[in-house]
Amino acid sequence: MTNSITDLAGSECIFIIGSNAAESHPIIMGEIYKAAEKGGTIIVVDPRRTAVAENAHIHLSIEPGTDIPLLAGMMRYIIDEGFYDREFVDARVDGFDDLKEFVAEWSVERAAEECRIPAAVIRNVARIYAEAAESAIVYCMGITQHACGSANVTALCDLAMLCGHVGTEHSGIYPLRGQNNVQGACDMGALPNVYPGYQDVSDHAIKAKFEGAWGRELSGSPGLTVTEMIRSAGREIRGLFIMAENPALSDPDVTHVAQSLASLDFLVVQDIFMTETAKFAHLVLPGGSFAEKTGTFTNTERRFQLVRKAVEPPGNAKDDFSILCLLGTAAGLDFSYTDPRDVMTEIARCAPAYGGVTYERLERQGLQWPCPHEEHPGTPYLHKGRFTRGKGLFVVPRHTPPQEMPDDEYPFYLSTGRMFAHYHTGTMTRRSPFLNRETEMAYAEMNPLDALGIGVGEGDTIRISTRRGSIIVAVRVTCRIASGSIFVPFHFTEARANVLTNPVLDPQAKTPEFKVCAARLEKVIDR
Amino acid sequence: MNLVRTICPYCGTGCGLLLRVVDGTAVATYPDREHPVARGHLCIKGWTAHEFIHHPDRLTSPLVKKGDSFKEISWDDAIKLAMDQLLGIAGKYGGDAVGGLSSAKCTNEENYLFQKMIRAGFHTNNVDHCARL
Ligand code: SF4
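If you read the sequences in order, they're chains V and Y.
The working numbering numbers the first residue of the first sequence as 321 and each following residue consecutively.
The working numbering numbers the first residue of the second sequence as 476 and each following residue consecutively.
If you are wondering where the hints come from, they were derived from the structure by calculation, not from laboratory data.
Treat the hints loosely; a few may be bogus.
As the list claims (entries may be wrong) - Counterexamples of contact, computed for chain V against chain Y with all Cβ distances above 12 Å:
1) N767
2) R800
3) R840
4) E842
To be verified - Listed below are the simulated SDA-like cross-link pairs for lysine to any residue, each with C-alpha atoms no more than 20 Å apart in a straight line:
5) K527/V with L538/V
6) K629/V with W522/Y
7) K555/Y with D585/V
Just so you know, even glycine gets a beta-carbon here, dropped at the ideal spot from N, CA and C.
Bound conformation, chain V alone:
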């Protein structure tokens, strides 16, 4: 995110789109409530009446997959009425004419029709966001998990730059990360196209630098993403090493994922439990939990923080650092690190953005990168005065409707997501007695009208089918969800939401479209 979590409390307007922070990020929600207490306006855009939406001043219950029409309509109105920050745009952003040309196609009325939100509401929200002294945008997977996820993010950046709401303490853009070290995994180059510190793998000078540092010749062509690797398993990909991830439950269309994993010549899985994915492995290595490790995590506001070992791994299990040292050495590499601290020293040396990070400096409050040298205090918010590339750039976000829309055969919108008591594929939270007691069973949320339509009530079981497969779950009847849509959390192995999901990807970020596909519902008499 561009700013720090606690800066949110000072925002005059917070525009939350595609995030149910009240359940997925409760502590961040606390900062949002503080902003509201100080008189800030909270606007929520979400097809569901989520806990966040319930506590907002304005809730836009948008038609699924129409974020770009909404944002384009808002920007059109902001430009037409002169509510945008002319000075900021002139001085700091290129491409304004392209943006104007794009939004010319999106009158507020046209946007209103696509999103099924009254035009007056769109105008009102646009004005509040633009005119507040400092406005922040908060988004999560509701924005990214679409076939046009990257374009959605682009549209949000355009809106923020148009109104000059970047580069000050209480403005900015807040993507909320689902898992605790997603930020760090990206920062450390666990991505197919960049080395640590977002250095391009196809850049010759950078490749040469890492070849020097690591003493091996490296490949100059970008690799495959998770979903691409799993799709080509058994063909291009013959051997796979999976560390503490559970694609057999978390990826779209898991029936195909299972077939792919089973067709590998060799699969190694390193994890703390026998996950759905580990069952397909030829070799399973027992790793360590967070409590058994020394190292660092980086949170969603780019803050490096120290993780301290509290207990020993059980039995013969080892912490992942030690296992990786053994593996790297067996692969003939120089992995003679005695302590994770040595690794941090190497990271600081080869990735300029983290050059000033040392364990000593993380002791109290952590450090927010960029932090290029040991005297640098870290960076609580980005883009102050200038953007990384010099001038910002308006990029035109092309709208692509969801790839699978409801039809006669599959008349419901289905979306998947998280709920408060569980985390990701549930391998940890479902083994926590307290959390499991909160929500023990998989469920689907549906609107009372739809429940009446198929003759079910609270707690009855239904079969949900899509073109990929079907699952059986209990019904929760609630007005939080609009008629015509259903919502299924993906944490539960006995009713795998990802049997249902559509494996189409956003062409740029390769994020699957979890938020929209078409489904059919039936009442189940006998299980």
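Following the hints, complete the assembly by docking chain Y with the ligand onto the known chain V.
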């Protein structure tokens, strides 16, 4: 009472927490008042972060698949088997026949070592993690 200051393993907020350790077992979680973001707050997941650590389902030995079931093997054999197989595949089909999925639950240091192992060990950039999910 032994309290270890560390970071919540669940979401990207990264709240600080204190694990209470008694005789080598984490028995309770407390919030960290000095943490810059959490400032003494935790959500329900954070408060219960110690609960899965010592769960009886934890894996405690390397396991190799024999037929339909798993058998315990030593670490030496496990490491050798992993690298013999993966380097064998890279030798036969080229480095791009090998891939690695790193983890958003592991530390920065572990992620760094993982991508270094895949990139330098197998001559491929087939390394990713589940950020998008
Ligand atoms: S305590 Fe809750 S909000 Fe804080 S990091 Fe953990 S899961 Fe996230």
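> E842/V: least C-beta distance to chain Y exceeds 12 Å?
Replying inline: holds, 28 Å
> Beyond 12 Å from chain Y, beta-carbon-wise, is R800/V?
Replying inline: holds, 19 Å
> Regarding the pair K527/V and L538/V, is the alpha-carbon distance no greater than 20 Å?
Replying inline: holds, 7 Å
> Given the proposed pairing of K555/Y with D585/V, does the C-alpha separation stay at or below 20 Å?
Replying inline: At roughly 16 Å apart (the allowed maximum being 20 Å), D585/V and K555/Y satisfy the hint.
> Is it correct that the beta-carbon of N767/V has no partner in chain Y closer than or equal to 12 Å?
Replying inline: holds, 27 Å
>> K629/V and W522/Y were given as a pair; does the straight-line alpha-carbon distance stay at or below 20 Å?
In response: Status holds; Cα separation ~18 Å.
>> Just want to verify: R840/V was marked as not at the interface with chain Y; is every Cβ pair farther apart than 12 Å?
In response: Its Cβ never comes within 12 Å of chain Y, the nearest being 25 Å, so this holds.
Hint check: no violations occur; every hint is consistent with the structure.
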